[in-house]
Amino acid sequence: MGMVVPGERDGHGGSRFILPRQFNYLLSRLSCHRFLDVMLGAILKLPSAMRSNRYYVKLVFLVASLAWVVYGIDYMFNVSRWLYLFRKIFRHCRYARIAGGTAISRLNKARNASGESMTRQLLWEETERKV
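Last residue of the sequence shown: 131 in UniProt numbering, with the numbers rising by one and none dropped.
It is possible that part of the hints are untrue.
To be verified - Derived CB-CB ranges, DEER-like: (1) Met-50 <-> His-92: 42 to 48 Å; (2) His-92 <-> Ser-52: 50 to 56 Å; (3) Arg-54 <-> Ile-89: 45 to 51 Å; (4) Lys-88 <-> Ser-52: 44 to 50 Å; (5) Leu-44 <-> Val-69: 20 to 26 Å; (6) Arg-91 <-> Trp-68: 27 to 33 Å; (7) Trp-68 <-> Lys-88: 24 to 30 Å; (8) Tyr-84 <-> Leu-62: 26 to 32 Å; (9) Asn-53 <-> Phe-86: 38 to 44 Å; (10) Arg-87 <-> Lys-58: 31 to 37 Å.
None of these hints come from the bench; they were simulated from the model.
Please read these numbers as outputs of a predicted model, since none were measured by experiment.
We put the CB at the ideal spot given by N, CA and C, even for glycine.
Build out the structure end to end from the sequences listed, making use of the hints.
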């Protein structure tokens, strides 16, 4: 799955471990030292009274770990892209439904004003034109 490249360094004192591109990018984004930097930064930003309480520190560690895992899952399965596509599809459906509804209401108003009923074919053609 991967191989160690001798003589090359990863910038942190170890040999560079070559993985397939997706995993290599994931490891660079989710590397342990970045995770620890973020976690320690969050702990240091806590007020001193909270820092001395180990439960708050554990809570920060738990939240940071959970965020790390969620980010990894999002990257591996491209969840945010799927959510974007679903949102786009649902938005399109909602706009199409609204456009269809306004076309039908306009036809109903026209029918009521003229006193004659529209046939289904005319209703369908008007709805298609609006969408």
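Hint numbers the structure violates, sorted upward?
-> The structure breaks none of the hints.
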